[in-house]
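First to last, the protein sequences are chains V and C.
First residue of the first sequence: 1, per the numbering used here; consecutive thereafter.
First residue of the second sequence: 1, per the numbering used here; consecutive thereafter.
Hints are not guaranteed to be accurate.
[As the list claims (entries may be wrong)] Across the chosen pairs, the derived CB separations fall in these ranges:
#1 C/V75 <-> V/G62: 50 to 58 Å
#2 V/V288 <-> C/L143: 46 to 54 Å
#3 C/G441 <-> V/Q305: 57 to 65 Å
#4 V/L66 <-> C/P98: 42 to 50 Å
#5 V/V222 <-> C/A273: 44 to 52 Å
#6 V/A291 <-> C/S283: 43 to 51 Å
#7 V/E308 <-> C/G441: 30 to 38 Å
#8 V/V292 <-> C/R119: 51 to 59 Å
#9 V/Q305 <-> C/R119: 26 to 34 Å
Simulated from the structure, these hints should not be mistaken for laboratory data.
For clarity, every value in this text was computed on a predicted model and none was experimentally measured.
Where is the CB? At the ideal position from N, CA and C, for every residue including glycine.
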Amino acid sequence: MEFLADPVLAGFIAASVRLSIPILLAALGGMFAEKSGVLNIGLEGMMLIGCFTGFITVHWSGNLWLGAGVAVLIGAIAGLGLAFYAVTLRSNQVVVGIAFNLLMLGVSAYFFRLAFGSGTASPRITPFAPIDFGPLGEIPILGPLLFQHDPLTYLSLALVVGGWLVMQRSTIGLSIKAVGEHPEAAETLGLDPIAIRYAAVAVSGALAGLGGAFLSISATGVFLDNMTAGRGYIALAILILGRRHPFGVLVAALLFGAAEALQLRAQLLPSGVPLQFLIMLPYVLTIVVLAVSSTRSGAPAALGQPYEKGGG
Amino acid sequence: MSQLNEAAAAVARRNIRVAFGPVVANDDVSFAVEPGEIHALLGENGAGKTTLMRALAGLLQPQAGSIEIGGQPVVIDGPLEARRLGIGMVHQHFMLVPTLTVAENIALGLREVRTWFPRLDQLADEIDALGARYGLAVNARALAGELSVASQQRVEIVKALYRGAKILVLDEPTAVLTPQEAAALFPVLRSLAAAGTAIVFISHKLNEVMAVTDRITVLRRGKVAGSLRTAETEPREIARLMVGGEVTLPQLEGMPTPGRPLLEVDRLGLTDARGVRRLEAVSLSVGAGEIVAVAGVDGNGQQELAEAIVGLQRPDTGRVLIDGVEMTNRPVAEGIAAGLAHIPEDRHRTAIFERMSVTDNAVAEEAGRPRFARWGMRRRGETQAFAAQLVADYDVRLGSVEQAIGSLSGGNQQKVVLGRALSRDPRLLVAVQPTRGLDIGATAFLQSQLLQRRAAGAAVLLISTELDEVLALADRIVVLFKGRVTGVVARADFSVEQLGLLMAGRTA
């Protein structure tokens, strides 16, 4: 049982959790949007803008929680913007989402240079620090899994439970599911599919924004161009793998976090495998997941279909 | 639900006018329903029944006229307001979320349970009790999508009652039921009416309107053609009001003289993309000079059967032979070349290109063939001459053959589709719901064309959910239930009762 206390294993587990949080939050957000019938391809852009605004807020104010709050707020506003196109204008949700992501890539890079110039010295902030649980953190496996993390990680895990409560137990969740499955029926019952979809996409943006902010104000303390590096797209795959269920999404996100942690560690080993192939690991896993799971299975019936009020 | 027993309000509608752009769906329509009365809104497809109902449900606003409930003028500006006024709707296409339970469906949007976390168990008990009171057996804890069509309908009625409906509007409630299931619905409606509910029964079927209603308002082309007491009238009079004159539908006469089988379907099985088994060992054959009808409640595999025969869906077991030649899973074009013609079920989805001209639609199947094209270039003269001939032969009413087919009425669109199919003088015609949504004149024309094909020695496979149509035209009837053949009945042995049992899955 020596290996249980092995520091390499402990580091790996802790890193797996840490690396899974951004995609977990984005996927949780994607769940709300998709359950309401909106395919939120814009998760990537919402993460990136949350990542940037969170960083810059912390840099100016020195307040980490304010940074997280701003990232949530900006993410929600971004979600409302996307919903205007996807829900009100009934645009193609995939095209709008991709355009949105490209826009956010440019916007974040531009304003970053506007704020800090294009010099080589990248600005740093002091990120969230892990909470010290004392001896609890020393427990093999459980310690690095549960007791070596910062407050944002615990908030994220609480959001998973909260997401489950809302989705599976509350009337709000019931309404969201109804709108995603059969918006006409929801409307005949006096629900407003348009408003519910707006709200769901806004929540989706808020969570993705927080997920992005985690990268800059928790995991690293810096902001880099295209820092999310496709994690918003990975989140979409995680949604499918996790069957759009909060706990399923949690498990799937941990799997991807582990893949990421594994490749980071493998880079240090003299394995002879080129670095680029190792970096590919999470993305290859994404493609494999999408290939083996039929994308329509279990998807809400009205997913991706714009709804026209009183139409039909 | 004590308010059900209170003096229910009557609904009166005066001079209602609903228009969509230049098309007036309802013009100056008035009628009134009393508490405790079952009132039929009768009319052909397109007469304006559904429009009227949507106005009552608050899903669209009339441009003129007024709606009164209990003598008070009301404005129904949305579904919530309709509900507050005690109007309950049972839509033709059920408004149930299939992945939610019955109780969850009923709880949706309901203020009484709109606490943060609904008490669904208590609600389920209430629903079961309410259902039991009116003979509406429902299982409140079952998933809506797993219920039979008849029980989904009961859920819709219970849903309306639970929401305090005093005026219940049913849109074509029997369209999806077998004759027996429909017969079981009528006592429920009677007991609801006896409890003081005002019931609006929308239908285009004369016989059931005669069976269950107290009064009848007949609609024709968006106007009221007549208002009658059911007890004081007779079907012939109502039919005349519906149609605006005497129109008799064609009827097959003479005994069948089938020739060699032109279509043979042998133990066909098909699983759809979602993994649901749609057809299981379906066998049938259609001979030259014979009309074989496939009857059954909608959604029991009819569409899959037709599409498997013409080559649009791939069956995974069994064979399709056209005039003895194996055609299983062959491209659609080969079927056309072999003399197969197809009138698809959903005109808008599969039969026409709505924004293309009548001409282009008329030649769509053969546009690339030497008759209409040379060296890859289209032959305009031949194409237009053909379209003009088709329009004349099939009595298509239009302004110009160059206008978009989508701007024609449904009946005229269907005539183009029929003309296109028949102009090739097909040996085998697969017609799926060919008269759905057509007025009675167009229906009569289409049906007589099918009989003509039979007389000319073609094989006709008629897939229809209209039992009357099937009974009038078929030499033999094959009944489908859940993708299986539950019986084959020859013309001499036709009986509605037996077909009804077969449609409900009781094998002969």
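Legend entry - Hints violated by the structure (listed by number, smallest first): 2, 3, 6, 8
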